[in-house]
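2 protein chains.
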Amino acid sequence: METVRYGIIGIGNMGHAHALSLLSEIKGAELVAVCDTRTERLEWAEANLPESVQRYATPTELFESKSIDAVLISTPHYDHPTLAIEAFQYGYHVLIEKPAGVYTKAVKEMNDVAAQTDLKFGIMYNQRTNPLYQKLRDLIQTGELGEIRRTNWIITNWYRSQSYYNSGGWRATWAGEGGGVLLNQDPHQLDLWQWTIGMMPKRVRAFCHIGKYRNIEVEDDVTAYVEYENGATGLFITTTGEAPGTNRFEITGDNGKIVVEDDTLSFWRLRTPEPQFNAEFTGGFGSPECWKCEIPVESGGGQQHKGILRNFTNAILHNEPLLAPGEEGIHGLTLSNAMYLSSWTDNWVDLPLNEDLYYELLMEKVNSSTFQIENAVSKTLDVTGTH
Amino acid sequence: METVRYGIIGIGNMGHAHALSLLSEIKGAELVAVCDTRTERLEWAEANLPESVQRYATPTELFESKSIDAVLISTPHYDHPTLAIEAFQYGYHVLIEKPAGVYTKAVKEMNDVAAQTDLKFGIMYNQRTNPLYQKLRDLIQTGELGEIRRTNWIITNWYRSQSYYNSGGWRATWAGEGGGVLLNQDPHQLDLWQWTIGMMPKRVRAFCHIGKYRNIEVEDDVTAYVEYENGATGLFITTTGEAPGTNRFEITGDNGKIVVEDDTLSFWRLRTPEPQFNAEFTGGFGSPECWKCEIPVESGGGQQHKGILRNFTNAILHNEPLLAPGEEGIHGLTLSNAMYLSSWTDNWVDLPLNEDLYYELLMEKVNSSTFQIENAVSKTLDVTGTH
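First to last, the protein sequences are chains F and H.
So for the first sequence, the UniProt record's numbering puts the first residue at 1; every next one is plus one.
So for the second sequence, the UniProt record's numbering puts the first residue at 1; every next one is plus one.
Because the hints were derived from the structure by calculation, they are not lab data.
Some clues are possibly wrong.
Pairs involving identical chains hold if they fit within one copy or between any two copies, as the list cannot separate such chains.
[Stated by the list, open to error] With a straight-line Cα cutoff of 25 angstroms, these simulated SDA-like cross-link-like pairs (lysine to any residue) come out:
{"no.": "1", "residue 1": "Lys212", "residue 2": "Glu144"}
{"no.": "2", "residue 1": "Lys212", "residue 2": "Gln276"}
{"no.": "3", "residue 1": "Lys212", "residue 2": "Trp348"}
{"no.": "4", "residue 1": "Lys202", "residue 2": "Trp344"}
{"no.": "5", "residue 1": "Lys105", "residue 2": "Thr3"}
{"no.": "6", "residue 1": "Lys202", "residue 2": "Thr345"}
{"no.": "7", "residue 1": "Lys202", "residue 2": "Thr142"}
This is chain F alone, in the form it adopts within the complex:
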């Protein structure tokens, strides 16, 4: 194979941006088809994409066309697992948008099907291309920070006005998105939270506030506390209601602390690891000598979406290792599912998650919903720089 022939399912906000990238910026990739169930999006494709790009009104037509090698799934979240499973069954490589799905029960089925194929399976975790988080992961995985003791991510700069929510009736509903800030805005941070430190919590206690700042039926403000197997604790604090908000990720370990904020990474490194200092020190008051280290990090935020498209294409063509294997999408989703479940039951949630209970309670919310956003207008928004 010399080029990967891509079909995109869903050419709304994100999908149409991927289409333009695949057309011109990804070596070894060829956009041969797009698919959308909305007439106006196919009209957009007709007007804006080369004639050679086939247009389909249903995924089945696209799958049956046999004109593609790989499919990029950029539909509403609920459909990611079902479409991915179908695509694998047709023998296509699959790249899904984040989140992996809405509930882990479906995502696990998708992962099981993927595991039975030799096809490539990726997820659009474009923030994994960000040199800041790559360096953070490096410092942790190579032991520079030592054993992790605390993680604390304040990610409250996802400001969204009511106007944003009114731009689509499916937005911020249980039936449409299956959640709010955790499902739409936070999937990258939920992934990076576990990817950089290399561990998942063992239990979660979360506090989700529904429609606190906006007229929506899902959460727009969350505080989640977690405990890890090794005794470490963690916090994840997020909202779409605050401006300007904060994006600050602090991680403490035996050898000091790291803070990622304002596009910089700072490492306060102890000269002696804290446990050793504590064992040897006899002076009453006193603490380990600490050096504030400037860690070099490549600027610019990395290749982002295009980096994932390049990596996925190279994985198919040259067996390049995937930066964001699709199977790993379940981790971030498990975290958000656990946060909802903890909030709904007003109690601890242990991991592995009770995925059947979660699905049952989610479906209750979907089925009992009477919520309608007033004056909802369906719009494809310009998402430049927002995801």
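Model the placement of chain H on the given structure of chain F, informed by the hints.
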């Protein structure tokens, strides 16, 4: 009255520093007596204080001497309320060290007695003299920040080694101190947390970890989540086990956010208050214009302990308003009591606190304790710059 004649009860770590201040640095104050039940501390007083300073082995002898106008109580925490009540009954003005006590039930009794006198009652909340927190309070109380939405204090730079805990057998025990990091290290932050924002939570959910980093029987690591009546949420994260730790207090309001960290205060101020922006904006993605404002704050940390001693002295002599009225000591203590209770019951704690239940559970811990610190050596530590 031209000078206030002070007696100090307890001349250990803090009390002996106050003695030296009163001797030479507080206009209108005169140190006339000290009291300590420990012979070695009276010997220290004999060797280091002027002969004119009387020495007493019991508070009763000091009270009966009738040689003083005011008493400064700098004993172990449990004794603050009982000694204060006794001092009021003798007709003395009372300044207590922090915390106000160990459990609010006793502190409320102290407050009730104080309310029945015309005597001055103060608490050594020296951090209230810090211009940073005074400015923060000013910006909030004058409405510059708008309605509060979130408070988040990461106060993890209270590093204490095992050597510190071994310096006194009473340290970090239920019977000796009645708690750990919340009772010994955090009383200032717990006070400032509510004093600067001007409100107390309505409920608390906290996670206290006992002896996580040190061989102690009380907590050395706490994460507490709170909810306020106005819908705001808050976090308080603290430990003695981390180095170098963090001291970062972030407060979000309708008009932006303030961060106090590294001895600076930064105000990200929205040009238009967020609720107004949200009501008027129709553009989908978009957020209020934000100005990062450099707020002038006097440097140097304020007069600290000496500022409280001066203010208390002037309150007696010239009726100067108290910066830290003793009655307000109950607020910070209520917060820590509620955190323990939430953790012990693994559940929410509503405020006002069930103070009888708290007292009962605390006494169970005191009475069932079999804990002994190995190699405990009683030492008076040099506390310069640590409280």
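Verification of the supplied hints:
no.: 1; hint: Lys212 to Glu144; in the structure: between (40 angstroms within a copy, 22 angstroms between copies)
no.: 2; hint: Lys212 to Gln276; in the structure: between (46 angstroms within a copy, 16 angstroms between copies)
no.: 3; hint: Lys212 to Trp348; in the structure: both (22 angstroms within a copy, 20 angstroms between copies)
no.: 4; hint: Lys202 to Trp344; in the structure: both (18 angstroms within a copy, 20 angstroms between copies)
no.: 5; hint: Lys105 to Thr3; in the structure: neither (34 angstroms within a copy, 76 angstroms between copies)
no.: 6; hint: Lys202 to Thr345; in the structure: both (17 angstroms within a copy, 20 angstroms between copies)
no.: 7; hint: Lys202 to Thr142; in the structure: within (23 angstroms within a copy, 44 angstroms between copies)
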